[in-house]
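Undergrad: Sequence:
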Amino acid sequence: MVCMLSIRLVGLILTLLSTVEAFSAPRPAAAAKLSTSEDDTSYLNKEQLEFSIAYLNEHHKSDVLLPFVKAFSDLGTTAIKKNAWIGGSYQIIDASITDITQDELHLDASIKQGEKIKIESVKIHLDSDPVAGMARTFPTLPQCNPMHLNHTSKLPIDNFVRRMNRLCNIVKAYSATGKLIQLGVQMGGKGVGKLNNDMYLNQVPHNRFVRKYFYDMASEAALDATILCSQKQFTNRMKMTVMFPEMNPSMDSYRIGTLLELARSIAIKLAEQNLRVRVCVQGSMGVGIFTGVPKQLNGVHTLLQRMDWESGPGEENEGMVGDYVNFGFVGKEHVVNAKKSEKEDEPDIEQDDVFLIICPQNMIGLESSIIGSLSEMVDAAVDRPVILLNPDLVDKVSAQGQQSIRGRQERLDFAASFETMFQFQNIYVSGTSYFPILGSVVKLGPLETWVAHQRRDLMNNEGEVYLPVYASETAPDNEVLMSTFAK
Numbered sequence: 001m002v003c004m005l006s007i008r009l010v011g012l013i014l015t016l017l018s019t020v021e022a023f024s025a026p027r028p029a030a031a032a033k034l035s036t037s038e039d040d041t042s043y044l045n046k047e048q049l050e051f052s053i054a055y056l057n058e059h060h061k062s063d064v065l066l067p068f069v070k071a072f073s074d075l076g077t078t079a080i081k082k083n084a085w086i087g088g089s090y091q092i093i094d095a096s097i098t099d100i101t102q103d104e105l106h107l108d109a110s111i112k113q114g115e116k117i118k119i120e121s122v123k124i125h126l127d128s129d130p131v132a133g134m135a136r137t138f139p140t141l142p143q144c145n146p147m148h149l150n151h152t153s154k155l156p157i158d159n160f161v162r163r164m165n166r167l168c169n170i171v172k173a174y175s176a177t178g179k180l181i182q183l184g185v186q187m188g189g190k191g192v193g194k195l196n197n198d199m200y201l202n203q204v205p206h207n208r209f210v211r212k213y214f215y216d217m218a219s220e221a222a223l224d225a226t227i228l229c230s231q232k233q234f235t236n237r238m239k240m241t242v243m244f245p246e247m248n249p250s251m252d253s254y255r256i257g258t259l260l261e262l263a264r265s266i267a268i269k270l271a272e273q274n275l276r277v278r279v280c281v282q283g284s285m286g287v288g289i290f291t292g293v294p295k296q297l298n299g300v301h302t303l304l305q306r307m308d309w310e311s312g313p314g315e316e317n318e319g320m321v322g323d324y325v326n327f328g329f330v331g332k333e334h335v336v337n338a339k340k341s342e343k344e345d346e347p348d349i350e351q352d353d354v355f356l357i358i359c360p361q362n363m364i365g366l367e368s369s370i371i372g373s374l375s376e377m378v379d380a381a382v383d384r385p386v387i388l389l390n391p392d393l394v395d396k397v398s399a400q401g402q403q404s405i406r407g408r409q410e411r412l413d414f415a416a417s418f419e420t421m422f423q424f425q426n427i428y429v430s431g432t433s434y435f436p437i438l439g440s441v442v443k444l445g446p447l448e449t450w451v452a453h454q455r456r457d458l459m460n461n462e463g464e465v466y467l468p469v470y471a472s473e474t475a476p477d478n479e480v481l482m483s484t485f486a487k
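Residue 22 in the working numbering sits at position 22 of the sequence shown; the count goes up by one each step and never skips.
Rather than coming from a laboratory, the hints here were simulated on the basis of the structure.
In this text the structure is predicted, and so the values were computed from the model without any measurement.
Some hints could be false.
[Unchecked claim] In silico DSS-like cross-links for lysine-lysine, where the CA-CA straight-line distance does not exceed 30 Å: (1) LYS123 / LYS172; (2) LYS81 / LYS116; (3) LYS61 / LYS116; (4) LYS61 / LYS46; (5) LYS269 / LYS232.
[Said to hold, decoys possible] What follows is a list of derived Cβ distance ranges for each label pair: (6) ILE117 / GLU58: 20 to 30 Å; (7) GLN113 / ASP392: 51 to 61 Å; (8) TYR428 / THR474: 19 to 29 Å; (9) LYS172 / ILE117: 18 to 28 Å; (10) VAL394 / THR474: 16 to 26 Å; (11) LEU303 / LYS212: 31 to 41 Å; (12) SER483 / ILE93: 18 to 28 Å.
Quick reminder that beta carbons are idealized off the backbone N, C-alpha and C, glycines included.
Sequences are here, hints too, so could you generate the full structure?
TA: Put into structure tokens, the structure is as follows:
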């Protein structure tokens, strides 16, 4: 993942000034007067500090800074009390940042009382909750988990952006969150939520390098989540959603080979760390003549075992399949635990360390819910990681109301117990048209923030870019998401 905008990308974006909102903030003279020591204890370095203050003061006074003062400082409470008697007698008319420390924003707020205007200095904590009287207007959100910040936002600029985005979401400054993500990238951050340019996902079949790009990202996220799970920092119930056009079964572009290659990449990545992986596909479900497997999974179990794992003698992954990578179905009977051999000439049975379950889903019909077998398997795995790849655990139409009424809440709770550790999903213009691609929603790691991008075509057919337009700690709401997209 590239940590800074490349010179080429900056040049391309500058050519879009007529169609894409510019993101280079001027540096007012006030910013030049800041005296910031660049010792080891400073939060942001001098360049980051000056640029961040200049950018926020220049472009985000009305949508960010003024709401911050009203929502997170005592001036907001004071305004409510005084305006309760005479509306408009106490107005916060301006706000400017003067300094940014590790925990606080320092601002000068202009207060108008009658004909008088005075300046008051306020400090807003970066982990603030709305003050009394503002909680109804600006409902609070959970604070950023310190463990998440330490793991994924070690650079001060990334730490600052992530905490600022929480405050922006509270005051409903949704569009500012995407700009702040760009600010972090431009100012030397690690590139939170950054996607490659020129992927051309509208063109199918995809380029093999594009496929490998997604395979590598998903595999790294799976390994990261597995390590965090072993450290008790992440749940063992995980799911990843990888839904670019070749992975979307509702589209004509769906390619079963891409799904299998992704599963292979994840399994090999984990096996290379001496973890034993069991790759599972659900078996036949149903009753009587109405039995079968979902169309998406037809033949997958056989193809998994027949595809090239480069596990033969003399190959790169020699001996991996059968030792570190094994195959199975969904069910508690396919969870292998460590067992000492009773015969001296037979090796001990090693337990499975990780379970990768491909596209578990319910089917239409009687006794066609995967939830029962899957929950038994998860319970049998105890605390070992269970990774669901592109699950679809919503209830389907069934006879006798089995997936409509009985036990519905328990099934919903079980499905919700799996936490997203990786997601890439395209956004389209409407639910009935899959092209052109409008953008994407991503979460590129188990503890990463969610980022939404809008796809933009460069002028003169010089390529495409994915620009961040929204970021939050939780999966974005559709209505909020669409409000941030430029028309």
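Undergrad: Run through the hints listed earlier and report the numbers of any the structure violates, in increasing order.
TA: 11
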